[in-house]
Amino acid sequence: MAKLNVNGADVDVDVEEDTPLLWVIREHLGLTGTKYGCGVAQCGACTVHIDGVATRSCAMPVNAMTPDQKIVTIEALGTEKPHPVQQAWAELDVAQCGYCQVGMIMTAASLLAQNPDPSDDDIRAEITNICRCGTYPRVLAGVKLAAERMSTDRG
Amino acid sequence: MQHHQDIPSARGSLALSRRGFLVSAAATAGAFTLGFTVPEAGEAFAQSATPEVNAWVVIQPDETVIIRIARAEMGQGSLTGLAQLVAEELECDWDRVRFELVKPGENQRRDRVWQDMSTGGSRAIRGSHDYVRMGGAAARMMLVQAAADIWGVPASECSVSKGTITHAASGRSTTYGAMAEAAARQTAPTEIALKDPKDWTIAGQPVKRLDTMDKLDGSLVYGMDYTMPDMLVAVPMACPVHGGKLVSFDAAAVNGMRGVKHVLRVDDETVAVVADTFWRAKTALESLPVVWDEGENAQVSSASISAYIREGLSAETGFVGNRAGDAAAVLAASGRVVEADYSFPFQNHAPMEVLCATVRWSPERCDVWGPTQVAEAALSAVADAAGLAPENCEIHTMRIGGSFGRRLQTDYIRMAVNIARQVPGTPVKMMWTREEDMAQGRFHPVTHCRLRAALDDDGNVEALHMRIAGQSITASVRPAAMTENGDPVIFQGLVAEGTEGTLAYSFPNLLIDFAMRNPHIRPGYWRGVNLNQNAVYMECFIDEMAHAAGQDPLAFRRKLMASNPKHLAVLEAAASWIGWETAPPEGIHRGIAQIMGFGSYVAAAAEVSVTEGRLRVHRIVAATDPGHVVNPQQVEAQVSGSFAYGLSAVLYGACTVANGRIEQTNFDTYNVMRLEDMPVVEVIPMPSGGFWGGVGEPTIAVAGPAVLNAVFAATGKRIRNLPLADFDLTSGS
Numbered sequence: 000m001a002k003l004n005v006n007g008a009d010v011d012v013d014v015e016e017d018t019p020l021l022w023v024i025r026e027h028l029g030l031t032g033t034k035y036g037c038g039v040a041q042c043g044a045c046t047v048h049i050d051g052v053a054t055r056s057c058a059m060p061v062n063a064m065t066p067d068q069k070i071v072t073i074e075a076l077g078t079e080k081p082h083p084v085q086q087a088w089a090e091l092d093v094a095q096c097g098y099c100q101v102g103m104i105m106t107a108a109s110l111l112a113q114n115p116d117p118s119d120d121d122i123r124a125e126i127t128n129i130c131r132c133g134t135y136p137r138v139l140a141g142v143k144l145a146a147e148r149m150s151t152d153r154g
Numbered sequence: 000m001q002h003h004q005d006i007p008s009a010r011g012s013l014a015l016s017r018r019g020f021l022v023s024a025a026a027t028a029g030a031f032t033l034g035f036t037v038p039e040a041g042e043a044f045a046q047s048a049t050p051e052v053n054a055w056v057v058i059q060p061d062e063t064v065i066i067r068i069a070r071a072e073m074g075q076g077s078l079t080g081l082a083q084l085v086a087e088e089l090e091c092d093w094d095r096v097r098f099e100l101v102k103p104g105e106n107q108r109r110d111r112v113w114q115d116m117s118t119g120g121s122r123a124i125r126g127s128h129d130y131v132r133m134g135g136a137a138a139r140m141m142l143v144q145a146a147a148d149i150w151g152v153p154a155s156e157c158s159v160s161k162g163t164i165t166h167a168a169s170g171r172s173t174t175y176g177a178m179a180e181a182a183a184r185q186t187a188p189t190e191i192a193l194k195d196p197k198d199w200t201i202a203g204q205p206v207k208r209l210d211t212m213d214k215l216d217g218s219l220v221y222g223m224d225y226t227m228p229d230m231l232v233a234v235p236m237a238c239p240v241h242g243g244k245l246v247s248f249d250a251a252a253v254n255g256m257r258g259v260k261h262v263l264r265v266d267d268e269t270v271a272v273v274a275d276t277f278w279r280a281k282t283a284l285e286s287l288p289v290v291w292d293e294g295e296n297a298q299v300s301s302a303s304i305s306a307y308i309r310e311g312l313s314a315e316t317g318f319v320g321n322r323a324g325d326a327a328a329v330l331a332a333s334g335r336v337v338e339a340d341y342s343f344p345f346q347n348h349a350p351m352e353v354l355c356a357t358v359r360w361s362p363e364r365c366d367v368w369g370p371t372q373v374a375e376a377a378l379s380a381v382a383d384a385a386g387l388a389p390e391n392c393e394i395h396t397m398r399i400g401g402s403f404g405r406r407l408q409t410d411y412i413r414m415a416v417n418i419a420r421q422v423p424g425t426p427v428k429m430m431w432t433r434e435e436d437m438a439q440g441r442f443h444p445v446t447h448c449r450l451r452a453a454l455d456d457d458g459n460v461e462a463l464h465m466r467i468a469g470q471s472i473t474a475s476v477r478p479a480a481m482t483e484n485g486d487p488v489i490f491q492g493l494v495a496e497g498t499e500g501t502l503a504y505s506f507p508n509l510l511i512d513f514a515m516r517n518p519h520i521r522p523g524y525w526r527g528v529n530l531n532q533n534a535v536y537m538e539c540f541i542d543e544m545a546h547a548a549g550q551d552p553l554a555f556r557r558k559l560m561a562s563n564p565k566h567l568a569v570l571e572a573a574a575s576w577i578g579w580e581t582a583p584p585e586g587i588h589r590g591i592a593q594i595m596g597f598g599s600y601v602a603a604a605a606e607v608s609v610t611e612g613r614l615r616v617h618r619i620v621a622a623t624d625p626g627h628v629v630n631p632q633q634v635e636a637q638v639s640g641s642f643a644y645g646l647s648a649v650l651y652g653a654c655t656v657a658n659g660r661i662e663q664t665n666f667d668t669y670n671v672m673r674l675e676d677m678p679v680v681e682v683i684p685m686p687s688g689g690f691w692g693g694v695g696e697p698t699i700a701v702a703g704p705a706v707l708n709a710v711f712a713a714t715g716k717r718i719r720n721l722p723l724a725d726f727d728l729t730s731g732s
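Protein chains in written order, with numbering that gives the first Met the number 0: chain P, 0 to 154; chain S, 0 to 732.
Among the hints, erroneous ones may be present.
In the DSSO-like style, the derived pairs of lysine-lysine whose C-alpha atoms are separated by at most 30 angstroms in a straight line are [what the hints assert, rightly or not]:
hint: 1; chain 1: S; residue 1: 260; chain 2: P; residue 2: 2
hint: 2; chain 1: P; residue 1: 143; chain 2: S; residue 2: 207
hint: 3; chain 1: P; residue 1: 69; chain 2: S; residue 2: 281
Estimated spans, in silico, between C-beta atoms of each pair [to be verified]:
hint: 4; chain 1: P; residue 1: 113; chain 2: S; residue 2: 290; range: 50 to 56 angstroms
hint: 5; chain 1: S; residue 1: 220; chain 2: P; residue 2: 153; range: 33 to 39 angstroms
hint: 6; chain 1: P; residue 1: 79; chain 2: S; residue 2: 167; range: 43 to 49 angstroms
These stretches of chain S come out as covered by chain P in the derived footprint (C-beta under 8 angstroms, 3 or more residues) [as the list claims (entries may be wrong)]:
hint: 7; region: 74-83
hint: 8; region: 274-283
hint: 9; region: 399-407
Keep in mind the hints are simulated off the structure, nothing from the lab. Using N, Cα and C, we set each Cβ at its ideal position, and we do this for glycine too.
Generate coordinates for the entire structure from the input sequences, incorporating the hints supplied.
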């Protein structure tokens, strides 16, 4: 059994304790927006926020989590809907196949929460997610556009 | 065009089955119960509540225009491009356009009204632009005729704009939504005139993709995400040595593990654990004792494969792909021969969505929910594996999480059916692990190449012999397509004639030939296919010849390209854009490359630096002439994505073999391009009209040679084997 706080709700899940958080989210909670890509914390398709920090859920055993840690998945990203990162992504048509994009967006949102005005080099260093379609140039542009919008909103 | 009278049977079944039902994902917490509908088996189209105008177009009373898409969408954007082509002729309001995917069983039932559904070879648009535009135009004509009939005026007096039909003389107007039902009763026109592309207003525009929003909030259900009530999950493992056999497995060792339902023989070489969740199935599979008969291929290594293939480099004769004059004689007599050997390694497609399919089999019917690039061939495979007639099977097509050619093969679909057939009535989702995807890829073929050129005293090429040796995809995947002498597609981009990919250069004496040597690792069509290695071999060696002749690589190419102005135009454009004629900034070095493939002319110019052995690709310019451009911003996305894919292979990617199996197991050992190393990409679309070329693949091929030539300019080192990451670029080494 594991006690988790996911998207603002406390949940009990009956799973083996070494089950990665990714599979709890996908298979036991039915939230399939978070993707499986590698299972070894390489690709970032499984990125969720844990207490606001982008974390690769595929290599995070559920018994390493405590009930007070706030887990947020793509389904509950942001107070503003859609999140400025999602808006920027739509505006620039960033996605191709889209499979990795949820992880990209979660990573970008976390980056901007911690560094509201990242340089190109910051973005290149922080977003290490894999996209096989090669959307990288638009991912870079998308993070910058979202940063700009969020900065304007803060006035 | 499909007449509406053919439709009732399909619509009848649709009406009966449009129930949908609520299911709850296997959630233990009520707060997380997710409601969604699962389409019933046999349902033709989920969205089309109103009668279709024709097979391509459905217009709803609220003016929503649904355009049907028969080709697979795996990120390449052709879904949007095809919709633009239909909408262009339909003259509808683009803002109202939605899409739905065609199913192969439905296509079969309707005498292939949507024609070819296969999606490979960069053919989605170039292979169907004419008939999809005709579909849009026919629908427009039927809508206008319906209004004209009601008004009692000639259709020729009516005009259309953005879905509104107007009869100016009488001041009347109506909408597509209002006319759709009457239009469906019209007879399809037989004479259809298409617009001149110069009059396009929707096609040719950089409109946004139609399929974006559900990719950004996680709501798009990919094959991996598909869920049905009472569904089980299967995780398979095949013999890691291709061609090896499954001898036995000890099911009792894992049967008691939590969630495990079945341990099954899938086929001669594969075992699978079926459980209630992926994680439990995977955990049990890892504990399952399995005995393989790996066969003699277990002795094979990368070194033994290389030795076997290299023997083909000096074989007496080869299958000839291009010949002029007598290259052998001129080379034998020449006093100045330039020579080099190159090679290109195995690559895995490694799409982000690993292979999967959900199957529900019963003795009467088999339904598959999953991704495929070849829906019709996959349906045949399903029927065969299911032991059922194709009309009792269906593939519920889905958008795909990247594919790059991997799902042109149907091995995984067949496997999923073999599993579900052993659990009748229960839906089973087969999901591969990334490790299985790496082990059981259908790899970019491995080849070597020996190039020998005779130069005269002025540095002119008197003769060139290009001998390619190695693996044939066709021989493995489509043996029936082999010609008497060999593999007809091995010479992509190197042939003298045709519209797919001709060699840009004219040499007085030329021989390009192929010695087939097939190792046991199974090959497949990897995005760009044979163009990838052919471009590295030819374009890097052209650079070597230019260097040997003491000439500028662009000037040297120009002299050889006089009779191929389209090839030259893209090369000149890329070179000019990057500033080839002016000195690069301090520490920056440049390389160029061009090739023709998939019906398009492409060129690239790269700027790199090498500092203390560390390569940085700063900038890469691409020029592409695909004849017509349907969506310039998607062409830009494809070209820039092609560089990420192509450079992944050249810089880092190589699958190697030890003890008969692929050594790389995941992205930690099979590295790929990430944002940190992605160059700035500048794309010059230069459609010259008069032909339709592909966009998704050709540019991949020029990424490698442009960068490798720039690396030579920077370091004086010729990298002739890949990946580049294996080489020390520090000076003096």
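Right, here's what the structure says about each hint:
Restraint check for residue 260(S) and residue 2(P): satisfied, since their Cα atoms lie roughly 27 angstroms apart, inside the 30 angstroms limit. Straight-line distance between C-alpha atoms of residue 143(P) and residue 207(S) comes to about 19 angstroms, which keeps the hinted pair within the 30 angstroms bound. Distance hint between residue 69(P) and residue 281(S) is fulfilled; the C-alpha atoms sit about 28 angstroms from each other, no more than 30 angstroms. Remark: the range hint 50 to 56 angstroms for residue 113(P) to residue 290(S) is upheld by a beta-carbon distance near 52 angstroms.
Judged by the Cβ atoms, the range 33 to 39 angstroms given for residue 220(S) and residue 153(P) holds: they are separated by roughly 36 angstroms. Between residue 79(P) and residue 167(S) the Cβ separation comes to about 47 angstroms, which falls inside the hinted range of 43 to 49 angstroms. Only when three residues or more bring their CB closer than 8 angstroms to a CB of chain P does the claim for the region 74-83 of chain S stand; here the count is 3, and the claim holds. With 5 residues bearing a CB less than 8 angstroms from a CB of chain P, the region 274-283 of chain S meets the requirement of three and the coverage assertion stands.
Check on the region 399-407 of chain S: 5 of its residues sit with their Cβ under 8 angstroms from a Cβ of chain P, so the three-residue criterion for coverage holds.
Checked against the numbered hints given earlier, the structure satisfies every one of them.
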